[in-house]
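Enquirer: From just these sequences and the hints, can you work out the full model?
Number of protein chains: 2
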Amino acid sequence: MEFDSSHRAALWELLTWRRDVRHFSTDPVDEQTLERLQSAMNLAPSVGNSRPWRVLMVDAPELRAAVRENFTAANARAAALYDGAQADAYRRLKLAGLDRAPVQLAVFTETSPPEGHGLGRQTMPDTLRQSTAMAIHTLWLAARAENLGLGMVSILDPHVMEALFDVPEGWEFAAWLCLGHPAFQDDTPLLHRAGWQENMPTSWQRRSGAAGP
Amino acid sequence: MEFDSSHRAALWELLTWRRDVRHFSTDPVDEQTLERLQSAMNLAPSVGNSRPWRVLMVDAPELRAAVRENFTAANARAAALYDGAQADAYRRLKLAGLDRAPVQLAVFTETSPPEGHGLGRQTMPDTLRQSTAMAIHTLWLAARAENLGLGMVSILDPHVMEALFDVPEGWEFAAWLCLGHPAFQDDTPLLHRAGWQENMPTSWQRRSGAAGP
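Residue numbers (the working numbering), protein chains in the order written: chain W, 569 to 781; chain R, 569 to 781.
Simulated from the structure, these hints should not be mistaken for laboratory data. Given the structure is predicted, the values throughout are model-derived calculations rather than measurements. Hints may contain errors.
One copy or two, it doesn't matter: identical chains are merged, so the pair holds either way.
[Unchecked claim] Calculated pairs, SDA-like style, for lysine to any residue (alpha carbon to alpha carbon, straight line, at most 25 Å): (1) K662 / A633; (2) K662 / L611; (3) K662 / V735; (4) K662 / D572; (5) K662 / E599; (6) K662 / G652; (7) K662 / N610; (8) K662 / D595; (9) K662 / H685; (10) K662 / T691; (11) K662 / Q600; (12) K662 / E637; (13) K662 / P682; (14) K662 / V597; (15) K662 / M625; (16) K662 / A642.
Expert: Structural data, given as C-alpha cells:
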C-alpha cells in the first residue's frame, strides 16, 4: 500500500473538521453506520493487541437521566472552582450534548484483559487506558467521515458511572460519548471560539546532546 | 465541509495499514515532513483545548543508548514473567525499533498545564493522559499517510525516563516513539501474525433497560 497526496488531504480535512460536538440534531443514526463505526474502532492500536475498550450503548431513559444528574452535580462542583469573569465564562459554555444526542455510549477500559497476555503493559499499565483513548479517537475520526459529530464528556464522577452500570470488576470508566448529526459545523474548537482557550502552538524540543536541550 | 466516500475510503485504508512498526530502514526523515507531522498532532482532541503533550526529539547517541538500556532491563523483567512455550514466543518477538529508527521521540504529559484552565479534568485528571494518547494516535495516522511507520515502546521504566531527560516537575512519561521508513508493509498486526495475540472481536452491548443488558 502506497499512500499519496489524496490520502494526506483526506486525513488533514478529517482532522481539521473533527470537533468536540455538543450541539446535536435528534435525527437517528442508522444501525449499519454504527456497525461501520464499531469496525473502525477495532482498527485502533492497542497494547499487545489487547483491545481493552468496552462499550455500552445506552438507550434506557432512566440510565440517561442518571448520567445527566451525575454531570449536573460534577459540573456544579467544577464551576465553583472558578470566580469572577471566568466563572461567568464557564457557565456560558455548553459542555455536553446529553440532552439531544441520539446515540450515547459509556466507554470503559478492562484493566486486566486476558487478551495480549500482559504484553507491553507490565512496566506501564496505563498503556491499556492509552489504547482506549486511541480507540475513542478512531471512533471520532470515523464518525466525522460519516458526517457525524462526537462529543466526549468527562465532567462526571467515574465511580458513580461504574456503579450505575454495575460493570464487572476491573472495568474503569473512560468517557461518555455523545454521537449524532451535528447541529452546525465549525473548523475552530468551540472553546477557542468562546474565548476560553485558544489553540496554542506546541513545540518539539531537540535533544542532541546529553546535557539537555 | 461534507465528507464523502473518498474520505471514508482513505481513512479506512490508513487505519487498516497502520501498524506498530518495529523494523525500520535507516533512511532519514526530512525536516518538512517532521513539521507536517507536528502540525497534524496539534489537531488532536485535547481536554479543555489544553494540548498537554510534550515532545522531545532525541538525537544524542548517549541518550538513545540509555533508553536502549532501560528497555533491555525492563524487557528482561517482563520476559521472566512468562514460562514454557510462551517464554520462547516472547523472546522471539521483536518489540522495539530502537536500534535503527532514524527519528526517536520521548513523549510526556504535562499533568498541570495552564492551558485549558482545568476545564473538563477536575473530575477526571486522566483526561490529560487521554489527550496525549490521542495525539500519539494522530501522529501515527499522519505518519502512515506519509508512508512512514511509527512504533510505540512502553516496555520502559517511566520514572527512569523522567530522570534521564530531567523533565520539569509534572511531566509524566507517556511513550517512546520510533519513526522512520518501515522495512516492510503488512495489513495484519505483527503480534497476530506471530501467534501471540489474534485480532479479537469486540462487542458493543446495548443497555435498553435499567436492569442491565
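Enquirer: Please go over all the hints and tell whether each is borne out by the structure.
Expert: These are the hints, each one checked on the structure:
1. K662 / A633: Within one copy only: 18 Å inside a chain, 48 Å across chains, cut-off 25 Å.
2. K662 / L611: The answer is between: 21 Å across copies meets 25 Å, while 31 Å in one copy does not.
3. K662 / V735: Answer is neither; intra-copy 29 Å and inter-copy 35 Å both fail.
4. K662 / D572: Intra 39 Å, inter 29 Å, cutoff 25 Å: neither.
5. K662 / E599: neither (28 Å within a copy, 40 Å between copies)
6. K662 / G652: within (18 Å within a copy, 55 Å between copies)
7. K662 / N610: between (30 Å within a copy, 23 Å between copies)
8. K662 / D595: Within. Shortest intra-copy distance 20 Å satisfies the 25 Å Cα cut-off; inter-copy 48 Å does not.
9. K662 / H685: between (42 Å within a copy, 16 Å between copies)
10. K662 / T691: Classified as between; 17 Å across copies, 39 Å inside a copy.
11. K662 / Q600: Cα proximity of K662 and Q600: none, with 30 Å in one copy and 38 Å across.
12. K662 / E637: within (16 Å within a copy, 48 Å between copies)
13. K662 / P682: between (39 Å within a copy, 21 Å between copies)
14. K662 / V597: Answer is within: at 22 Å inside a copy they meet the 25 Å cutoff, but 42 Å across does not.
15. K662 / M625: Within. Shortest intra-copy distance 23 Å satisfies the 25 Å Cα cut-off; inter-copy 37 Å does not.
16. K662 / A642: within (14 Å within a copy, 45 Å between copies)
The structure fails hints 3, 4, 5 and 11 (numbered hints given earlier, in ascending order).
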